[in-house]
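Asks: Protein sequence lines, in the order shown, are assigned to chains A and B.
The first sequence begins at 1 in this note's numbering and counts up by one.
The second sequence begins at 1 in this note's numbering and counts up by one.
Don't read these hints as lab results, they were simulated from the structure.
All C-beta atoms, glycine included, are put in the ideal place defined by N, C-alpha and C.
One should not assume that every hint holds.
Said to hold, decoys possible - Ranges between beta-carbon positions, derived for each pair:
(1) V23(A) to P533(B): 28 to 34 Å
(2) Y20(B) to D14(A): 38 to 44 Å
(3) T149(A) to G232(B): 44 to 50 Å
(4) K179(A) to I217(B): 54 to 60 Å
(5) G232(B) to D86(A): 33 to 39 Å
(6) D21(B) to D14(A): 37 to 43 Å
(7) W19(A) to K350(B): 16 to 22 Å
(8) G37(A) to E23(B): 54 to 60 Å
(9) E488(B) to D77(A): 28 to 34 Å
(10) G37(A) to W361(B): 39 to 45 Å
(11) G84(A) to T503(B): 54 to 60 Å
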Amino acid sequence: MSSPLKPQTDNWWDVPVHWDEKVWIGISVFWALVLFGWMTAWGSIGNQTQEGPTYQVSPNAFQTKIDSFKARAEETDRGFRPAGSDVYIAGMRYGFDGLPVVLKAGKEYDFHLSSYDVQHGFGVRPNDALSKQMTLQLLPGYEWVLPMTFDEPGTYHVVCNEFCGVGHRTMHAKFIVEK
Amino acid sequence: MDPSTTAPRSGLLGLFDNPYDEEGFRTCSVTGLNIHRSVENYVKLFGLTAVVALLVGGIAAIFVAMTRWELVSLTSAPDFYNWLSVHAWNLLIFWMVFMEIGILYVGGPMVLGRKLPTPSLAKTGWIVMLGSAVWINVELFTTSAPDSAPLLTSYAPLPSSAGFYLGTIVFILGTIIAALPFLISIWQEKTEHPNRSLPLVSFGAFITAIVALEALIGGLITYVPTYLWRIGIVEHIDAAWYRQMYWIIGHGSQQINLLAMITVWYFLTHVVGGAEVVSEKVSRTAFILYLFFINMGAAHHLMADPALATVWKEWNTSYAVYGAVIASMIHAFAIPAGLEAGRRKRGQGKGLFSWLMSAPWKDPVFSSVIFGIILFGFLGGITGVIMGQMQLNLTWHNTFATVGHFHATVVLGTTITFMGLVYFVIRLLFRRKLFLKPLAQLQPYFYAGTMSLTTLMMLYLGILYGIPRRHPSVTDIPGTEFDFAAAEPLFWVFGVAAILAITGGALFILVAVGSLLFGEPTDPSSLVPAVEPVEDDDTSLHAQSVRGTFTLTLVFLAVFVVTYVLNWYLLSRLWHIG
Ligand code: HEM
Ligand SMILES: [Cu+2]
Ligand SMILES: [Cu+2]
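The shape of chain A in the complex, shown without the other chains:
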């Protein structure tokens, strides 16, 4: 053993390591492998992995996409019912263009996510189960296409949770999932 304040002159590399410490290092390496293995495996065995292509897109071009999405959708008093399985959403100070939408439970939709101005957050939860929530980042200049399927009908609330200016807390929206 040695003092952490003294220069080392002997060959400290060859001093044997305590058995307990070796075992702990072994446990640590094993645990790190479990962490990595499980995270990678979840991509195939689990249902939640935020994987989907990203495209570069100017805010204007994305706005055109949103406009045509809205034009093709059926407009109801609860929101846009998408014509196909694509949903377009853009964050903007302080709201979400493209929302509210009305979706069918159990159907897979491709969410196209972007922003018109600054960074925003896309935080989603069912209104009646606050602990079931997740967040994605919305960046201007990038269109992220992420498939999502909602099995449980209900109202889902969307919160912006990336700071986007003094009105940040007022940036909310929702969508509805029907049977």
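Could you slot chain B with the ligands onto chain A? The hints should help.
Replies: Relative to the frame of chain A, chain B with the ligands by itself:
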């Protein structure tokens, strides 16, 4: 009072006049270190400046926490963001970085028994850092439309004031200048003694400095173009580019905090607890692992981002897991094991935990350091690894739980440890008795307890209710019927705990400043038992059991596993994503 060991008070309250020999050295009666005046004075100066930043940031904590507790709703939204920026910059940046320069000077020239090389650079660095810190504070307090409060992250393309970016660049340059005397001292040591290894504490400080330089250069790569964009010379700034570059310094500076803190742990457990290094090889290798791997830890800020491939995310998080988490787990064993073996060798404990029970728990330096180690590991480390897993990050990203995670690391870990270091500096370098000693003894317990509760509430509010961070109101939201009012009971606990924690922080400032103003000058060996020299006897290694440490780390692992499984369970309840 013995006049031969204590100098009379003269100018500057006598804070800078210890008894030195003709060459300006003195031998510390506790550590045996050969301390030169130049080193000691700059350590004091940087430490004192850090405490002022802690005070400013702590005052801001009142406004931030009491706005988030909506029963109080202290400030309006724009004011909240200005206070939040002041809170983040003074605590996470100025309090920590000024302390860290002091730590480099301790770990380098002080431990090596050298003069501070080029004190003029230390002085220039200090002036530039202080000037830019004041400037940044002015910019933060006066932010108004169309500029936005930068908070910690100043995410482009949301503009902050041009002065803020420029002030930040100057602060980075000042920090680099202030770090140079440390690097020179290491270089001098290695040229004079090419065949001996640096002491472990100096080695840790050296790795800290390299990681710091990488972070600071990343900061220049981020802030120079962003400044040029803000003043209109560069037309476009890409949000994804900014995020990736920003986190080189944004996370890099957290790595500085981590490495500096671990270096201080090795230092203080030795000086006040009698710890020794159980394996130079293992502890040094762990530092080297940080050097190569910890940078990629920054990738965990980008897990919920578009524009980055899944493989990139998985590689960087797993790479970081392999390298840096293992390194942290090694230190988590090596430091308590050093304490256990060192104390057992000195006959201070035979049973499984008696070495720990018999430790100097009434010494606020010791209790601060031990709370820092335990709370950093159990609350900060575990939550960090969990939120750094790519998919789990979905449920943590930008919620109040994220705020909980980093208060566990930078407050429960680093700030508490640095408070212990300040107590140490007051007694061993300023050579003062602690003012209001019973209060000083209580402070680490009170602060660690109440701040842990505050942090746990942040974590629960984020994970169980999805409360977003950086929202001045969530139970009554303008423009929507939706609200998070279900979380109100937890906000009560949070609010009360936060008030108590802020009080605990104020107690620290009271004791620290009070000791400098009113503490009785004294020879520190009358306050802290002198460190007994360690014999270089490598057979003694296996004579000492470290079973107590092994048991503690197994408990840690069990908590880790349970929390990990719970988080995956929460995630698996979500709808299909991807
Ligand atoms: C009694 C002590 C403290 C209390 C009660 C406290 C409370 C808080 C609260 C309520 C937030 C805001 C959360 C939000 O709305 O997003 C916050 C943010 C923050 N705090 Fe603290 N804090 C304390 C001490 C510290 C310390 C010592 C540090 C650093 C060493 C620190 C670093 C930060 C940072 C970096 C942020 C994030 C700012 C941002 O969002 O950009 N805090 N704190
Ligand atoms: Cu927003
Ligand atoms: Cu926002």
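Asks: For each hint, tell me whether it holds in the structure or not.
Replies: Results of checking the hints against the structure:
1. V23(A) to P533(B): 28 to 34 Å: For V23(A) and P533(B) the Cβ distance comes to about 30 Å; the hint holds.
2. Y20(B) to D14(A): 38 to 44 Å: Given a distance of about 40 Å, which is inside 38 to 44 Å, the answer is holds.
3. T149(A) to G232(B): 44 to 50 Å: At roughly 46 Å between Cβ atoms, G232(B) and T149(A) fall inside 44 to 50 Å, so the hint holds.
4. K179(A) to I217(B): 54 to 60 Å: holds (56 Å)
5. G232(B) to D86(A): 33 to 39 Å: Since the Cβ atoms of G232(B) and D86(A) sit about 38 Å apart, the hinted range of 33 to 39 Å holds.
6. D21(B) to D14(A): 37 to 43 Å: holds (39 Å)
7. W19(A) to K350(B): 16 to 22 Å: With a Cβ separation near 20 Å, W19(A) and K350(B) satisfy 16 to 22 Å, so the hint holds.
8. G37(A) to E23(B): 54 to 60 Å: holds (59 Å)
9. E488(B) to D77(A): 28 to 34 Å: holds (32 Å)
10. G37(A) to W361(B): 39 to 45 Å: holds (41 Å)
11. G84(A) to T503(B): 54 to 60 Å: 59 Å Cβ-Cβ, so the 54 to 60 Å window holds.
Consistency with the previously given hints is maintained throughout, with no hint failing.
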